[in-house]
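There are 2 protein chains.
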Amino acid sequence: MPVPDVLSAPSTLEEFHDRLAAITEGLPKRLRQCAEFVAARSDRIAVSTVADLAAGAGVPPSALMRFCRIMGFTGYSDMQRLFREAYVPGLPDYATRLKTLKDREGGSPGALLAEFVDAGRTSLERLAKTLDEDALNRAVGLLGRADTVHLIGLRRAFPVASYLAYVFDKVQVPAMLHDGVGLLDHRFALRATDALLAIAFAPYSEETLALAQDARTRGLPVVALTDRPGSPLARLSDAVLLVPEADFGAFRSLSAAITLALTLVVAVGAVRG
Amino acid sequence: MPVPDVLSAPSTLEEFHDRLAAITEGLPKRLRQCAEFVAARSDRIAVSTVADLAAGAGVPPSALMRFCRIMGFTGYSDMQRLFREAYVPGLPDYATRLKTLKDREGGSPGALLAEFVDAGRTSLERLAKTLDEDALNRAVGLLGRADTVHLIGLRRAFPVASYLAYVFDKVQVPAMLHDGVGLLDHRFALRATDALLAIAFAPYSEETLALAQDARTRGLPVVALTDRPGSPLARLSDAVLLVPEADFGAFRSLSAAITLALTLVVAVGAVRG
DNA sequence: GTCGTTTTGGAATTTTTATTCCATTCCTCG
DNA sequence: CGAGGAATGGAATAAAAATTCCAAAACGAC
Chain A
35 MPVPDVLSAP
45 STLEEFHDRL
55 AAITEGLPKR
65 LRQCAEFVAA
75 RSDRIAVSTV
85 ADLAAGAGVP
95 PSALMRFCRI
105 MGFTGYSDMQ
115 RLFREAYVPG
125 LPDYATRLKT
135 LKDREGGSPG
145 ALLAEFVDAG
155 RTSLERLAKT
165 LDEDALNRAV
175 GLLGRADTVH
185 LIGLRRAFPV
195 ASYLAYVFDK
205 VQVPAMLHDG
215 VGLLDHRFAL
225 RATDALLAIA
235 FAPYSEETLA
245 LAQDARTRGL
255 PVVALTDRPG
265 SPLARLSDAV
275 LLVPEADFGA
285 FRSLSAAITL
295 ALTLVVAVGA
305 VRG
Chain B
35 MPVPDVLSAP
45 STLEEFHDRL
55 AAITEGLPKR
65 LRQCAEFVAA
75 RSDRIAVSTV
85 ADLAAGAGVP
95 PSALMRFCRI
105 MGFTGYSDMQ
115 RLFREAYVPG
125 LPDYATRLKT
135 LKDREGGSPG
145 ALLAEFVDAG
155 RTSLERLAKT
165 LDEDALNRAV
175 GLLGRADTVH
185 LIGLRRAFPV
195 ASYLAYVFDK
205 VQVPAMLHDG
215 VGLLDHRFAL
225 RATDALLAIA
235 FAPYSEETLA
245 LAQDARTRGL
255 PVVALTDRPG
265 SPLARLSDAV
275 LLVPEADFGA
285 FRSLSAAITL
295 ALTLVVAVGA
305 VRG
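Protein chains in written order, with my numbering: chain A, 35 to 307; chain B, 35 to 307.
Simulated from the structure, these hints should not be mistaken for lab results. Each hint should be verified, as a subset may be incorrect.
Given that identical chains are not distinguished, each listed pair holds provided it fits within a single copy or across any two copies.
Derived pair list, reagent style EDC-like, types lysine to aspartate or glutamate, alpha-carbon separation capped at 16 Å [to be verified]: (1) K63 x D112; (2) K163 x E119; (3) K204 x D272; (4) K204 x D228; (5) K163 x E49; (6) K163 x D181; (7) K163 x D52; (8) K163 x E241; (9) K163 x D77; (10) K163 x E149; (11) K163 x D203; (12) K163 x D219; (13) K63 x E167; (14) K63 x E241; (15) K204 x D168.
When you get a sec, could you build the whole thing from the sequences and use the hints?
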C-alpha cells in the first residue's frame, strides 16, 4: 500500500484538492477510481455515506476507506467532516438558476449559456423521442460486421467525426478518419469488407458526398448521420440516423450529434465483444 | 400531541417551508424551538445528525424526532433525504443503473441511447448550475482583446477544439487550431498580443500542457476549459472554465464541453462586434 | 512458471446514529 | 387545589453506518 507520506490531513478544501492532484498519479486502479470520482464530485461527500460514494465510484466501500487514509484522514468520517463544515447549499436548483441567467440583458455570456444549455437539452430530448430504433439497430449491425469503419465528416461535422474516431479507438474497433488533410482522399483505403460512416449537415460538403457515393458504388454499406430525411447523404445510405438539433439564433449546437455518435460506437463495440 | 393534520410529507423545499410556517404557531414550547431553529438554519439539516441539530436548537433528540413526525415525515432520516436530494441531484447511482441496463435486454442500442441522453442532460444542467460566471466573463474579456486566438485540445478534447475553430471562423474571429498534425508545434505562431484557449481532460496531454506553459511564460493570457479545479491546466491559466461532464459507465460525453465552447465563441464574437 | 509483494473484495465487527418507549413533569381547567 | 391530559427528557433499543481484518486475486521480478 502506498504509504501516506504526509501525516497531517488537509484542513481546507484547497489543500484537499492540491493533495488529491498530487497523489492521483501513481495510485493503483481502484484507488485511482476513488480519486477521480472524488475529484469530479467532491460536492457529494458532505451528504453521502461511504456506501453511496463507493457505489458512485464503482468500488467497494473498503477501497474508499483506504483512499481516505491515503489522503491523510483517519477515516471517512474524518474526511467528511471537512466537507460538512465547508458545506454551503448556495446554488439554487437548475430551473431557478436558468431563469436568473436568462433574465440578464440579452448579450451577457451567462444569458447566452442559458440559451445554449436550453437548446442542448431540447435537442437531447427530441433525439431520445424521435430516433428510429430500427435504423439504429441496422446501423449497429452494418458497422459491427465491417472490418474497418471509415469515418468522414467535414466542417461542422468534423468534430463529430473526430470524436467517433477517438471513441472507436477506445473500444478497439479499427477505424479510419478521412480528414482531408493535404487534400489526400485515401479513397482506395476502402476495402470491400469495410463500411463507411458519413456525417454531414446542410450545407453538405462535396467531399463527404463524393466519398459516400464512391463507397456505395463499390458496394460498401454506408451509414449516415445527418440532419434531414431529404439530405443528399440520406439517398446514398443503407441506414440513416437523424439528428434533430435545436438551434438558438444562427447557432446550432452538436450535443445531440455527439451523444448519438457515442451511443453508436459503444453499441458497435458491444456487438464486437 | 398535535395530530399531524396532513399525512403526506412535503416533497419540495417550498412545500417544506410553507408547512413549517403554517404549523409553527400553536406548537408547544420545545417543538416550537425546533421549528424556529429549523426555519433559521434549514441549511444545516443536510449535513447534521439528529443530535447535532437538537443541540443547536437546545432540545433533546427525542423532541426533534417528534418535530419531524409533525412535519409529516416518518423520521429524521426521511426529512434529511429531502434536503440532501434538493442540493445534490442525480443521486440514483451508476451501479444500479448499469445493472438495470444489463438486466434489460442486454444493453440494446435504444436503451444505451436513453442512458447517454440522460447523462448529457445531467451534464448540461450541472453546467448551468455550477458555471462560474466571473470566470466566463473574464475568459470572454481575455479572448475578446486578443489579436489571434490559439486553440489546442488533443485526444478527447480535440473534437471540442476543432469545433471551436469552426465557430470562431464563422464569427470571423482569427483563430488558429494547433492540431499536432505532423508533429509540427507552431509554437512560434504565438505572438505577444494573442491569447491561448486550451482544452484538456484527464489524462492531460503533455503537448497541451507544454503549449499552455509556453504561452504563460511568454506572458500571453491563457484560458482553460478543463474538468477539475485541480487539473494541471488550471494552474497555468488566467481563467478556468470547469465542465462537469457526467459519465455513464466508462464513457463520458462532450455535451457540456461543446455547449460551453459554443457559448464562449459567440460571446467573444459579440464583444468584438 | 514460481515466489513474494501489493492490491482487492467482502464478511465480521465496532461505532455511531436514529428511533422508540415510558416514567415524570408541567399545564389547564374544573 | 387536584385530576386528567399533553409534553418532556432520557434511557433502552433498533438500525445504519463506518471501520477493520483477512483470505484470495493480481501483479511483478526473477
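Outcome of the hint check:
1. Proximity of K63 to D112 under the C-alpha cut-off of 16 Å is found in neither arrangement, the shortest distances being 23 Å within a copy and 35 Å between copies.
2. With identical chains, the CA atoms of K163 and E119 are at most 16 Å apart within one copy only, with a shortest distance of 15 Å there and 22 Å across copies.
3. Within a single copy, K204 and D272 get their C-alpha atoms no closer than 26 Å, and across copies no closer than 32 Å, so neither meets the 16 Å cut-off.
4. In the homo-oligomer, the alpha carbons of K204 and D228 never lie at most 16 Å apart, since the shortest distance is 19 Å inside one protomer and 34 Å across protomers.
5. Proximity of K163 to E49 under the C-alpha cut-off of 16 Å is found in neither arrangement, the shortest distances being 22 Å within a copy and 24 Å between copies.
6. Taking CA atoms no more than 16 Å apart as the test, K163 paired with D181 passes in neither setting, with 32 Å inside one copy and 44 Å between copies.
7. Taking the closest pair of Cα atoms, K163 and D52 never come within 16 Å of each other, the shortest separation being 25 Å inside a single copy and 24 Å across copies.
8. Within a single copy, K163 and E241 get their C-alpha atoms no closer than 31 Å, and across copies no closer than 40 Å, so neither meets the 16 Å cut-off.
9. Only between protomers do K163 and D77 lie at most 16 Å apart by alpha-carbon distance; the minimum there is 13 Å, versus 18 Å within a single protomer.
10. In the homo-oligomer, the alpha carbons of K163 and E149 lie at most 16 Å apart only across protomers (13 Å), although the nearest pairing inside one protomer, at 21 Å, exceeds that limit.
11. For the homomeric pair K163 and D203, neither the shortest alpha-carbon distance inside one copy (29 Å) nor that between copies (33 Å) is at most 16 Å.
12. For the homomeric pair K163 and D219, neither the shortest alpha-carbon distance inside one copy (37 Å) nor that between copies (44 Å) is at most 16 Å.
13. In the homo-oligomer, the alpha carbons of K63 and E167 never lie at most 16 Å apart, since the shortest distance is 36 Å inside one protomer and 35 Å across protomers.
14. In the homo-oligomer, the alpha carbons of K63 and E241 never lie at most 16 Å apart, since the shortest distance is 44 Å inside one protomer and 25 Å across protomers.
15. In this homomeric assembly, K204 and D168 never come within 16 Å of each other (Cα to Cα): the closest approach is 26 Å inside a single copy and 36 Å across copies.
Hint compliance for this structure: hints 1, 3, 4, 5, 6, 7, 8, 11, 12, 13, 14 and 15 are not met, and every other hint is.
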